[in-house]
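Turn these sequences into a full structure, and let the hints guide you.
The residues making up each chain are set out below.
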Amino acid sequence: MRIAVCAPQVPFVRGGAEIFADTLVAELRGRGHETELVTVPFKWYPGTRVLTQAFLWRLLDLEESDGRPIDLVVATKFPSYAVRHPNKRVWLLHQFRQAYELDRTELGQFGESAADRALRRKVQELDRVALGEARRLFATSRNVADRLERATGLQPELMPHPPQELHYRCDGYGDFVLSVNRLDRAKRIDLLLEAAALAPSLNVVIVGDGPDRERLEALAHERGLDGRARFAGVVDEDELARLYATCLAVFYAPVDEDFGMVPYEAFLSEKPVVTTTDAGGPLEIVSDRSTGLVCAPEPAELARAVEFLRGHPDDVRAYGRAGKAIAEQVTWDRCIERLLA
Amino acid sequence: MKVAYFSPMPPERSGIADYSELLLPALRRRVDIAVVRRGRKRSPRGSGVCLYHVGNNPEAHGWIVEALRRRPGVVVLHDFVLHHLVAGLTIGRGDGHGYLDAMEREGGVVGRLIGHGVLDKRIPPLWESRPEEYHLAGEVLSLATGLIVHSRYVEARARAAGFEGPVWRVPHPAWPVPELTRVEVEGAPLFGAFGNLNASKRLPQLLEAFARVRRAHPGARLLLVGATSPGFDLDRRLQRLGLDGEGLVREGYVEEDRLWSLIAACDAVVSLRAPTMGETSGVAVRALSLGKPLVVSDVGWFSELPGSVALKVPPDGAEADTLAAALSLLALDEDARRAMGEAALAHARREHDVERVAELYASALEQAAGGEAVREAVLAEVAEAAAAAGIDASSEEAGELAHRLAEVRIAE
Chain Z
735 MRIAVCAPQV
745 PFVRGGAEIF
755 ADTLVAELRG
765 RGHETELVTV
775 PFKWYPGTRV
785 LTQAFLWRLL
795 DLEESDGRPI
805 DLVVATKFPS
815 YAVRHPNKRV
825 WLLHQFRQAY
835 ELDRTELGQF
845 GESAADRALR
855 RKVQELDRVA
865 LGEARRLFAT
875 SRNVADRLER
885 ATGLQPELMP
895 HPPQELHYRC
905 DGYGDFVLSV
915 NRLDRAKRID
925 LLLEAAALAP
935 SLNVVIVGDG
945 PDRERLEALA
955 HERGLDGRAR
965 FAGVVDEDEL
975 ARLYATCLAV
985 FYAPVDEDFG
995 MVPYEAFLSE
1005 KPVVTTTDAG
1015 GPLEIVSDRS
1025 TGLVCAPEPA
1035 ELARAVEFLR
1045 GHPDDVRAYG
1055 RAGKAIAEQV
1065 TWDRCIERLL
1075 A
Chain G
12 MKVAYFSPMP
22 PERSGIADYS
32 ELLLPALRRR
42 VDIAVVRRGR
52 KRSPRGSGVC
62 LYHVGNNPEA
72 HGWIVEALRR
82 RPGVVVLHDF
92 VLHHLVAGLT
102 IGRGDGHGYL
112 DAMEREGGVV
122 GRLIGHGVLD
132 KRIPPLWESR
142 PEEYHLAGEV
152 LSLATGLIVH
162 SRYVEARARA
172 AGFEGPVWRV
182 PHPAWPVPEL
192 TRVEVEGAPL
202 FGAFGNLNAS
212 KRLPQLLEAF
222 ARVRRAHPGA
232 RLLLVGATSP
242 GFDLDRRLQR
252 LGLDGEGLVR
262 EGYVEEDRLW
272 SLIAACDAVV
282 SLRAPTMGET
292 SGVAVRALSL
302 GKPLVVSDVG
312 WFSELPGSVA
322 LKVPPDGAEA
332 DTLAAALSLL
342 ALDEDARRAM
352 GEAALAHARR
362 EHDVERVAEL
372 YASALEQAAG
382 GEAVREAVLA
392 EVAEAAAAAG
402 IDASSEEAGE
412 LAHRLAEVRI
422 AE
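Chains as they are written, first to last, in my numbering: chain Z, 735 to 1075; chain G, 12 to 423.
These aren't lab readings, by the way, just hints derived from the structure by calculation. Just so you know, even glycine gets a beta-carbon here, dropped at the ideal spot from N, CA and C. There's no promise every hint is true.
As the list claims (entries may be wrong) - Partial list, computed: chain G residues near chain Z (C-beta under 7 Å):
#, residue
1, S374
2, G382
3, V385
Said to hold, decoys possible - Pairwise CB distance ranges (calculated):
#, chain 1, residue 1, chain 2, residue 2, range
4, Z, A760, G, A172, 47 to 55 Å
5, G, G50, Z, S1021, 57 to 65 Å
6, Z, R736, G, A329, 45 to 53 Å
7, G, G119, Z, T839, 53 to 61 Å
Rendered as structure tokens:
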């Protein structure tokens, strides 16, 4: 088959969505499908730019390329699913969250003016039309599926995707908690730093970069965490696999996250995940005292959770192994078979 | 944003009053609503948008149309055919010329002449005999800045009538199921039909079909609930079909609680009508909420129900045959009834959930308030980019841009 995988691109920003799209292309190619990544830069501000930039996808003609038909398109997230194709499939990572659950929060984008309120609704209307056209509609997590159904009435099939390919292994359980995230406010790394300030034995390694880095580094310094909190920045795949392999546990607690590959990566490294009760998607696989710990989104609670793990190595191992059994169920073979069926 | 809300309200006995009573608490959680007192024709100070509920009953909606004439706004079109409303607002108030103008607006000179025939009592009142031929929705459509409709059918008819503004399709909300009193009504199975008994509810066809079903399924019963419309000779029809005995269970008009209990007692609910005025059926929505399979006419809103919840009967020459086949299928196949019932329940929860309906209302109202500014900003940016790329406003490419913008409802 000739397949176009459609994903937006935010120039100079790379995160889970980009890794997912690249991996999907590679996996499809590996199964003999002629596959291409189609991407268009996306800027969602100011004002109506969110719509005009989304509209660019609508103008693309992907029914054929160079005189040969494209059999299928797979769109991944807003606004790539606005693309037109008679055999459009959407494997939804997320909608434009500022128009939904992030509206009227500090992470929101739309103000209270009549024009801003209407703009938000127009984004939702576009979603209803564009997602409603999909021949098959998948969501990466129950959280994403529920949000979609609430907003549009559409009922996607649930299909989590495997994490990126790394040399996953467990080389033991070290003395640090690992965070792997883009550094922005929604990922709530500050919660981990505040917990470290309360737990003198807690060391943290923070992988990733982003607009919140400066503030987080200043916070770590302010709390006297120099030497206990290490900002590793963006690391290569070998180093990432090594950090997963040697950490005690992985912290992952964004606000109402869609899905997130980090828990799967932690599980494949036999590491428990520490998350919070309001984390959304991760709670579908992180169960308290089964595959990790789930605590209230408070520094003291988080500190207590990590202290518990430090004092209970058998539990840590058991949680990690239970997680691994879950993560191993999600394979590209199964996903692609469903996606193309 | 403050919304001036024009609607009949309880204790007024009107389906739309019940509708508003159900919708308002959920809508108020999303939008600042000022319900306008009955008869008041001005919108409250500071209202950004006016919302007018328009149905076909002149008693309930006459004052609302008058308010709409003062200030255009978003219209909730509960029926598409407004002939009865317009007749009440014109002839009913001694304004024969107004009726003739409405008829001419829609039907040209021929329409005006037919209107004269009605005024001169040479032909029966059209709103009773064949209202679907002249919908008379023209004035309301011309005053509406946007429409909220319950079905694709009404949307299509409004478009066919020339309405060019935004249309939002919002399902009818489902009432929460009340505590039910168990009602014992004999029948294996028991079919129920609710509402006024008359020809437009396809009662002649239903009785004929049911009489046939009874021959193969003597345990089946038909529960008819509602008043008999004047001129409809139910008894004679029953007698002719041999249904005056134990096959039929009759109840007149019933209060809400008993209505729910009776629907709950049925194995399937029959909700037929033709012609359709573009209305939804409150009874059908209640039946879905109770997980009852439906048998409906294949018209208007009813056609748009999923096949998994409703058997659809076209109102054609074979109507009684098709209806008998549908009833027989349900009488024979308990598994089919159960599967349809489960699908009905799921459909009611998904499609007619009042919170979802309120969210769609809020979306429509927010777009009505600020949508034009968004539209203009988007069009300006797209037009500027197109012009910079050398695309002329009258070119085919510009036409495609407009088409694509409308397709995703960015700018219609």
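Hints and how they fare:
1. S374: holds, 5 Å
2. G382: Given a least distance of 4 Å, the restraint on G:G382 holds.
3. V385: Where the cut-off is 7 Å and the nearest Cβ of chain Z is about 5 Å from G:V385, the hint holds.
4. Z:A760 / G:A172: 47 to 55 Å: holds, 54 Å
5. G:G50 / Z:S1021: 57 to 65 Å: holds, 60 Å
6. Z:R736 / G:A329: 45 to 53 Å: holds, 47 Å
7. G:G119 / Z:T839: 53 to 61 Å: holds, 56 Å
The structure meets every hint from the earlier list without exception.
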